[in-house]
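Chemist: Sequence:
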Amino acid sequence: MSTNTESARKAGPYQNVFVVAIVLFLVATAVTIMQYKIPTIMVPIMEQFAIDANTAAWTMSIFTFTGIVLALPVGMLSRKFGPKNLIIAALILDIIASVAGAFVSDIALLLVTRALEGAALVCVIACGPVVLQQTVDPARMGIATGIWMLGGMLGATFGGIFTPLLYYNTGFAGLWIGYAIFTAIALIAFVLVIKMPPVDTSVAEQEALANANKTFGERFRTEYRVFFKPNTWLFYLPHAIFQILLLAVLSFAPTALQQQGMDPALSGLVSTIPMLLAIISSLAFGAISDAMHRCKPLVIIGIVSMAICTPIMLNVTGPVFWGALVVMGLLSMGMPTVVIAAYPQVLGDPKLMTVGMGVLLLVQSIGQFLGSLVPGMLLGPDISNWFVCGTVLCALGLVGGLSAIVCKFK
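Residue numbers (my numbering): 14 to 423.
Because the hints were derived from the structure by calculation, they are not lab data.
A hint or two may mislead.
[As the list claims (entries may be wrong)] Lysine-lysine pairs mimicking DSS-like chemistry, simulated, CA-CA at most 27 Å apart: (1) Lys309 with Lys242; (2) Lys242 with Lys364; (3) Lys309 with Lys93; (4) Lys309 with Lys421; (5) Lys364 with Lys97; (6) Lys421 with Lys364; (7) Lys364 with Lys423; (8) Lys421 with Lys97; (9) Lys208 with Lys97; (10) Lys208 with Lys309; (11) Lys242 with Lys93; (12) Lys309 with Lys423; (13) Lys364 with Lys208; (14) Lys421 with Lys208; (15) Lys208 with Lys242.
With the hints as constraints, model all of the structure from the sequences given.
Modeler: Dropping the structure here:
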């Protein structure tokens, strides 16, 4: 019997919110640290594989490309096979890819293993919130999502800290195998701890029979049309714009600061401080949304503060810059948590979350792609039009804020 019937699952009892969230935090950390095991050792990787900078960049950008390609199929697979099963398969794939990558000597083969790791990341990002939805009390979804989101943020930070330590002490193969072992630990914890609610077989069989012969057009009219409604796109737009602004700041703010005379090492703090402050904002936004039973005000605060901080961080130095950096970390970086927590409210039907997370991940991946593309176009060939770039991005962020205001959170 297919497990594509979330509505057939019994409501309780729910698992302990912190136990579930911490295990999923471990899973998210494992797959994210895989993604960020290259940036801090990019130069040795280029030397080892005899490649130029453009080719080396693909070892990271292939993750975004994979997200765009696989986001929707992963959502469909999650609905068919169940989110827990798909996460288990993803972690196994991640382990195999990392162990295989430890012994490759050709850049093409390394890119294949990186693509497989990217596929695993997509599966976990798409299915993690669905597991939370089905195992955690809805009244605690905010704090659960906040803890889950920390995995992705701290995974990037841990990747930057531990990768060079492992690489220079254990070598390339030791680094790749070491992260595979960490992922295996996360897999074991996930399998042993996460207990999906039982399925009401009578309801599941009735739904499976009813859906067996449905065409896509019929599914669109009865289920998937929510993804094309104006209100749903009003919800997606701020999330996509947030990703554009975040990638613009992380990618280009260090260059802007260096052009204004800041030390290159100090300018690198731009990419770490907001992520570290996200430890506070993700948990705080989650707890506040639980207490308020509302997510919309926090989404508005997150995107508007991001719109205001972005041009400052691209054009200003000194105390104003550092103030904007702190505001971004405390008020903006909590926004992804409440977007995930609010998503079921916007869709209005719990059984759409599996496919819905695929759609949301596609929106996120496109936003990240544009975030690395659009600022470069605005800055020009000599990378100097910082005021124009900051102004356009600020305006874009305010459009996202207006979209969040108009959107109806059920």
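Chemist: Does Lys93 sit within 27 Å of Lys242, going by the straight-line distance between their CA atoms?
Modeler: 24 Å, holds
Chemist: Between Lys364 and Lys423, is the straight-line Cα distance small enough, at 27 Å or below?
Modeler: 16 Å, holds
Chemist: Straight-line Cα separation of Lys208 and Lys97 no greater than 27 Å?
Modeler: 9 Å, holds
Chemist: With the threshold set at 27 Å, check whether the alpha-carbon distance from Lys208 to Lys242 stays at or below it.
Modeler: 34 Å, violated
Chemist: Compare the distance between the alpha carbons of Lys364 and Lys97 with 27 Å, and conclude whether the hinted pair is satisfied.
Modeler: OK: Lys364 and Lys97 at ~15 Å, within 27 Å.
Chemist: Holds or violated: are the alpha carbons of Lys421 and Lys364 at most 27 Å from each other?
Modeler: Roughly 20 Å between the alpha carbons, so the hint for Lys421 and Lys364 holds.
Chemist: Can you confirm whether the C-alpha distance between Lys309 and Lys423 stays at or below 27 Å?
Modeler: 10 Å, holds
Chemist: Below or equal to 27 Å on CA atoms is what counts here, so check Lys309 against Lys242.
Modeler: 18 Å, holds
Chemist: Compare the distance between the alpha carbons of Lys421 and Lys97 with 27 Å, and conclude whether the hinted pair is satisfied.
Modeler: Given pair Lys421, Lys97 is violated - Cα atoms ~30 Å apart, limit 27 Å.
Chemist: Can the restraint linking Lys309 and Lys93 be considered satisfied, given a maximum Cα separation of 27 Å?
Modeler: 31 Å, violated
Chemist: Between Lys309 and Lys421, does the CA-CA distance stay at or below 27 Å?
Modeler: Holds, at roughly 9 Å.
Chemist: Tell me if the straight-line CA distance from Lys242 to Lys364 falls inside 27 Å.
Modeler: Holds. Lys242 to Lys364 sits at ~17 Å (cutoff 27 Å).
When held up to the earlier numbered hints, the structure conflicts with 3, 8, 10, 14 and 15 and fits the remainder.
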